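Dock chains Z, X and U against chain G, hints included.
Protein chains: 4
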Amino acid sequence: MIIIMERNATKVQIQRVIDFLKDNDFQVRHNTGEVHTVIDALGDKTTITPGRLAAFEGVKEVKIIREPFRLASRDRKPEDTVIEFKNGVKIGGGNKPVAIVGPCSVEADYEGLLEIATAAKEMGCEFLRGGAFKPRTSPYDFQGYGEKALQFLKRASEATGLLVVSEVMDASDLPMMLDYVDVLQVGARNVQNFKLLHAVGKCNKPVILKRGLASTIREFLLAAEHIMYQGNMQVILCERGIRSFDSAFTRNVMDIASIPVIKKYSHLPVIVDPSHGTGQRYLIEPMAKAGLVVGADGVMIEIHNDPENALSDGKQSLPLPMFREVMGRINKFNELIKEDRQHQAANTI
Amino acid sequence: MIIIMERNATKVQIQRVIDFLKDNDFQVRHNTGEVHTVIDALGDKTTITPGRLAAFEGVKEVKIIREPFRLASRDRKPEDTVIEFKNGVKIGGGNKPVAIVGPCSVEADYEGLLEIATAAKEMGCEFLRGGAFKPRTSPYDFQGYGEKALQFLKRASEATGLLVVSEVMDASDLPMMLDYVDVLQVGARNVQNFKLLHAVGKCNKPVILKRGLASTIREFLLAAEHIMYQGNMQVILCERGIRSFDSAFTRNVMDIASIPVIKKYSHLPVIVDPSHGTGQRYLIEPMAKAGLVVGADGVMIEIHNDPENALSDGKQSLPLPMFREVMGRINKFNELIKEDRQHQAANTI
Amino acid sequence: MIIIMERNATKVQIQRVIDFLKDNDFQVRHNTGEVHTVIDALGDKTTITPGRLAAFEGVKEVKIIREPFRLASRDRKPEDTVIEFKNGVKIGGGNKPVAIVGPCSVEADYEGLLEIATAAKEMGCEFLRGGAFKPRTSPYDFQGYGEKALQFLKRASEATGLLVVSEVMDASDLPMMLDYVDVLQVGARNVQNFKLLHAVGKCNKPVILKRGLASTIREFLLAAEHIMYQGNMQVILCERGIRSFDSAFTRNVMDIASIPVIKKYSHLPVIVDPSHGTGQRYLIEPMAKAGLVVGADGVMIEIHNDPENALSDGKQSLPLPMFREVMGRINKFNELIKEDRQHQAANTI
Amino acid sequence: MIIIMERNATKVQIQRVIDFLKDNDFQVRHNTGEVHTVIDALGDKTTITPGRLAAFEGVKEVKIIREPFRLASRDRKPEDTVIEFKNGVKIGGGNKPVAIVGPCSVEADYEGLLEIATAAKEMGCEFLRGGAFKPRTSPYDFQGYGEKALQFLKRASEATGLLVVSEVMDASDLPMMLDYVDVLQVGARNVQNFKLLHAVGKCNKPVILKRGLASTIREFLLAAEHIMYQGNMQVILCERGIRSFDSAFTRNVMDIASIPVIKKYSHLPVIVDPSHGTGQRYLIEPMAKAGLVVGADGVMIEIHNDPENALSDGKQSLPLPMFREVMGRINKFNELIKEDRQHQAANTI
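If you read the sequences in order, they're chains G, Z, X and U. Going by the working numbering, the first sequence wraps up at 349, each residue one higher than the last. Going by the working numbering, the second sequence wraps up at 349, each residue one higher than the last. Going by the working numbering, the third sequence wraps up at 349, each residue one higher than the last. Going by the working numbering, the fourth sequence wraps up at 349, each residue one higher than the last.
Hints may contain errors.
Which copy? The list can't say, so a pair holds if one copy fits it or any two copies do.
Unchecked claim - Calculated lysine-lysine pairs in the DSS-like style (CA-CA distance at most 30 Å, straight line): (1) Lys11 to Lys264; (2) Lys96 to Lys338; (3) Lys121 to Lys338; (4) Lys154 to Lys22; (5) Lys77 to Lys11; (6) Lys22 to Lys332; (7) Lys11 to Lys121; (8) Lys60 to Lys77; (9) Lys205 to Lys96; (10) Lys22 to Lys11; (11) Lys63 to Lys11; (12) Lys332 to Lys264; (13) Lys86 to Lys63; (14) Lys264 to Lys338; (15) Lys332 to Lys63; (16) Lys264 to Lys86; (17) Lys63 to Lys22; (18) Lys148 to Lys96; (19) Lys60 to Lys86; (20) Lys148 to Lys264; (21) Lys148 to Lys202.
Read the hints as simulated data drawn from the structure, not as lab findings. Computed from a prediction, not measured in an experiment: that's the story for all the values here.
Okay, chain G solo, but in the shape it has when bound (with noise of 0.2 Å):
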């Protein structure tokens, strides 16, 4: 940690600060210049956190030179964190990106899923995605079917051997939800919903984290290590696209840097949404592009049977022809690029 003091800290000040983190076994050098006092000071943080020190009288900033995540972090653990699916599917490590696909929400009509599905699984894609429990940003909207939802999805992968995802709302729906799912996703709105998170930290599931709309890319890791603080490894952060002041044209922007710096900055798999990133049918196919070119480990699509009869997200749902065409071309790209995932994976590390 580094203490910048006030321009107007006194000696006294400064010494408070000294013998605090003395006291607390931290090593300490101090250098004062024309106009600040720079303390250096080495040692556990758990104990000491920098929010403490910033509330010392004339202390002026706490400078963390350390990333704050841990278990999540590359520093602690070099290599690649690779998940492993019992059907052989692995995400991670450089193996061939995933594909995620499926309706925002699932509806009453089976067939419909299942027809879904079994594109999908046509396609080569290895997971379903569906809603069962959805966020709603108005009251007046559809809230998803809940469990019956979840036996669809079940149902449909017993039929196909795709995969379930799924996003979790809130901890009591998991005993229930373990049974159905394959991953647990908790989505953007949730991405600092603690109790949420420590809650998925104690299954034994992996769980697609979704960036939230004004997360930092640092918050996005510390949430990722709440979960993985409860004991559950298994995380894959998934970029969906941030607030910004541009929603004329894109309902976000996507920050496909941000694939290639947490690549840097820690080992968990990173997947990417160009449909929740960009809100428009014609830019999934590039975006997704582009976040497989800077080394994610997977796409996120919602594709739909019948888009203008969804009940959520049918303008961004890809229709099943459009979906065929799109991941053909995906899946050739990925073949394409591979030379250049590698070099990538191998220049962020």
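Chains Z, X and U alone, transformed into the frame defined by chain G:
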């Protein structure tokens, strides 16, 4: 609703939208210009949401004219909501602005808390706030003392007559919390934790709902709507700063204009939290006054008997001697600007 | 400066940074922790900028401790800058807040302008503002009447005794403009048009510098520094809203806290422009008051004799009858909060 | 245009808007709902701008349907603009992506510049860029060598056959600059410096226009429109990152999706600048590829023969050996994704 069709939308696409709307009992008119066709539709948006229409082929954009919140809207309820407590304290409706003060987290030291509460009472404050469950960005930070903290708050409340405000982080904690607190707080990070909003919506307790770091004003009012839709009409909104590109001098940017905006569009009371809004002691007084002058119904301020040993947010907490001075000036200021507030209230409605 | 080395920086890389700093007469100390080496350097940053050091192999980050603005800094000049005009009007230093009012653009109708100026004078305002050259996002919008507009402003100024403020958009217009205006304005879009900053920096006229839509406070003060570095110390800063993710109800988000922040770090006067800051008539009065209460040295408000026929910004301009009421209340308010402003001034310095 | 009236707009107010529109030869229809009246108006927006109408009493909002840029719009000119240079190099229209490389600023050392240019030529780049006039946030930073720098660029260009790109900061420098450069660059800070846009709009030279840190895509295209409106149709847009709330790991957030968005709405070529977009060497290659895969017509990359001694932006400049590797892989990548780019181009139009 206004539906704007793509410039190359076909006649068939236009007709399908019109037919669908008519089938759902909307009144429809349309206007075909040189470039775009525009469809005006009047009807019940609880059955047909804008998102549904946006998914139709050939639709460029769907624009809602009426604000999507209803129970929270001043259109439906022109008079201010006033929340009254057992001891006669009132929030909203032009009543004297309240003051909600206390430590970020309640700590192990009851005597300290009592000292804080006593100072608060002396200075004419109405509410004691304190965290029992702390949402912390890092899992390595102090997470709160839980029920023990609530017991301390209740004791201090009984000793001083102050009402108790504390944050709920999980629906499962609610039954226990209701015994201790007079007002439930929902934190900024949970503003779109819909399960939690629904749970507090079923309680018969006033709720302080904090604006999320990336909440638009519309989303903020829709979050209140989620609570109200469950039956709880006692919602107090709290402006506490939003995320911006500049965090060098203040933690967040306080959107002071949001207060008169919300007052114009909603009947709910609004308070202002300059402690979290700025993260800087020296800004608490001016920003509290700025909030009050534009119509805030109260202020929330973090104070501490020993900020250097606070387990969280010590940096932004006012030490008690400073608090007494600041609160004294805020009280005088409230007297001074009575007429301005009344004019402001009359004007924004 | 503090130089933080990468975790895998080699000894040779560390030594090269240290040697380079010593060769340039910096005093250097360093501290090698478990993960990072930190180098403290005291010396003259006009010769060696942080950017230079950041480019050295193995350097992770360079942190500046002292703020990079100097002439604008309160460290160098603790007392408030006060700008005094020929007629005795003063801006800054705790003097009565000024009012700068007028139409967005000066239009073809001199009688209209005179009507505006007369109302302004009656209400105790000190300055008449009006655009002669209009920066317009679209080339199809009205671009201003140029010198003719300045002639009108001067005539209205001679008729009423008001001082004239008008925006300069190009250095080549300066010689002509100096004959007509008492204060030059540099608009938000030109806050980093360094050629223009240098040109006004060479004039002997006060300059109102508007904060850019995406200017950090530090960049804003550095823009002022560019002007001052050329010799012109009469800079008045103007907060007029920054870009945020929410523009549904207000054009921009006014960063009211920036006013006391700037007052703490700089001696320059600061004014507030709620017309551009909010873009809504009903928010002008409350936001002007919010700015004044936190220490602003004046307000800038757009008014118009016939807003429905204004060629620009009619929507946000106050019609004259509304202006008289609003200005009357602002004048009374300034009387009321005198003590608060004085306290605020004493406190932020 | 769609004019949405306030919920309490009077019949007289509504009629005045309708009459005004009819008087100006607009075709008008209106629709009065339960809450709002909506007026549809078809006509010439060059005479009556939306801002004019917004100022009418009782108007809540004016919505434009057709994008406000015209010359830049694909509606008016469906085929891609291709800019061709004397030596046969072409930008846009599906031609091979170009590479524009060079130092941030041209420095005193011509040999260094020649070394850079030679490497660039060897690696198949088409353009040499270098700053002669540097826009610098602080007046204490290096401001560029002016005309001498341009002379060096021209000499290096003659030696290698590369075309020259350099930034113009002031209209008065243009006549001199035209002798030296093949492409004028307008920097991000000048994207709404309308005087400069008008000046380059009168030149017969291609212009690279950089997106501002806070420019929406619409504003960016309107800035291009300002240039085109003066007669110069050879505008190349450059995405170089926008300001976001997270600058801990990257200087800006690159809005990669803006490239296919612009391609859909405009016929102008777009390039991508990952050096300024990220500020990090390790992100240049992946983000260049991300830009290319979504359809960028070229990349702009800062390189330097001796980054540790660069007078600006050394941190983000690629040293020559790294540049050779990166450029080699980008060249191969361009070959690889030819088909994807063609598909992308066909798809966004």
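Going through the hints against the structure:
In the homo-oligomer, the alpha carbons of Lys11 and Lys264 lie at most 30 Å apart only across protomers (22 Å), although the nearest pairing inside one protomer, at 41 Å, exceeds that limit. For the identical chains of this complex, Lys96 and Lys338 are neighbours both inside a copy (8 Å) and across copies (22 Å), given an alpha-carbon limit of 30 Å. Within a single copy, Lys121 and Lys338 get their C-alpha atoms as close as 22 Å, and across copies as close as 28 Å, so both meet the 30 Å cut-off. Within a single copy, Lys154 and Lys22 get their C-alpha atoms no closer than 58 Å, and across copies no closer than 37 Å, so neither meets the 30 Å cut-off.
Taking the closest pair of Cα atoms, Lys77 and Lys11 come within 30 Å of each other only across two copies (24 Å); inside a single copy the shortest separation is 42 Å, beyond that limit. Taking the shortest Cα distances, Lys22 and Lys332 never come within 30 Å of each other, neither inside one copy (60 Å) nor across copies (44 Å). Proximity of Lys11 and Lys121 under a CA criterion of 30 Å is satisfied in neither setting, with 70 Å inside one chain copy and 36 Å between copies. Taking the shortest alpha-carbon separations for Lys60 and Lys77, only the inter-copy value of 20 Å comes in at or below 30 Å, while the best intra-copy value is 34 Å.
Within a single copy, Lys205 and Lys96 get their C-alpha atoms as close as 21 Å, which meets the 30 Å cut-off; across copies the closest is 46 Å, which misses it. Taking the shortest Cα distances, Lys22 and Lys11 sit within 30 Å of each other both inside one copy (16 Å) and across copies (27 Å). In this assembly of identical chains, the alpha carbons of Lys63 and Lys11 lie at most 30 Å apart whether taken from the same copy (21 Å) or from different copies (23 Å). Taking identical chains as interchangeable, the C-alpha atoms of Lys332 and Lys264 lie at most 30 Å apart whether they share a chain (27 Å) or sit on different chains (24 Å).
For the identical chains of this complex, Lys86 and Lys63 are neighbours neither inside a copy (44 Å) nor across copies (46 Å), given an alpha-carbon limit of 30 Å. Taking identical chains as interchangeable, the C-alpha atoms of Lys264 and Lys338 lie at most 30 Å apart whether they share a chain (19 Å) or sit on different chains (29 Å). For the identical chains of this complex, Lys332 and Lys63 are neighbours neither inside a copy (46 Å) nor across copies (38 Å), given an alpha-carbon limit of 30 Å. Taking CA atoms no more than 30 Å apart as the test, Lys264 paired with Lys86 passes inside one copy only; the shortest distance there is 28 Å, against 43 Å between copies.
Proximity of Lys63 to Lys22 under the C-alpha cut-off of 30 Å is found in both arrangements, the shortest distances being 18 Å within a copy and 25 Å between copies. For the homomeric pair Lys148 and Lys96, neither the shortest alpha-carbon distance inside one copy (32 Å) nor that between copies (51 Å) is at most 30 Å. Taking the shortest Cα distances, Lys60 and Lys86 never come within 30 Å of each other, neither inside one copy (53 Å) nor across copies (41 Å). For a Cα distance limit of 30 Å, the shortest separation of Lys148 from Lys264 qualifies neither inside one copy, at 41 Å, nor across copies, at 41 Å.
In this homomeric assembly, Lys148 and Lys202 come within 30 Å of each other (Cα to Cα) both inside a single copy, at 25 Å, and across copies, at 24 Å.
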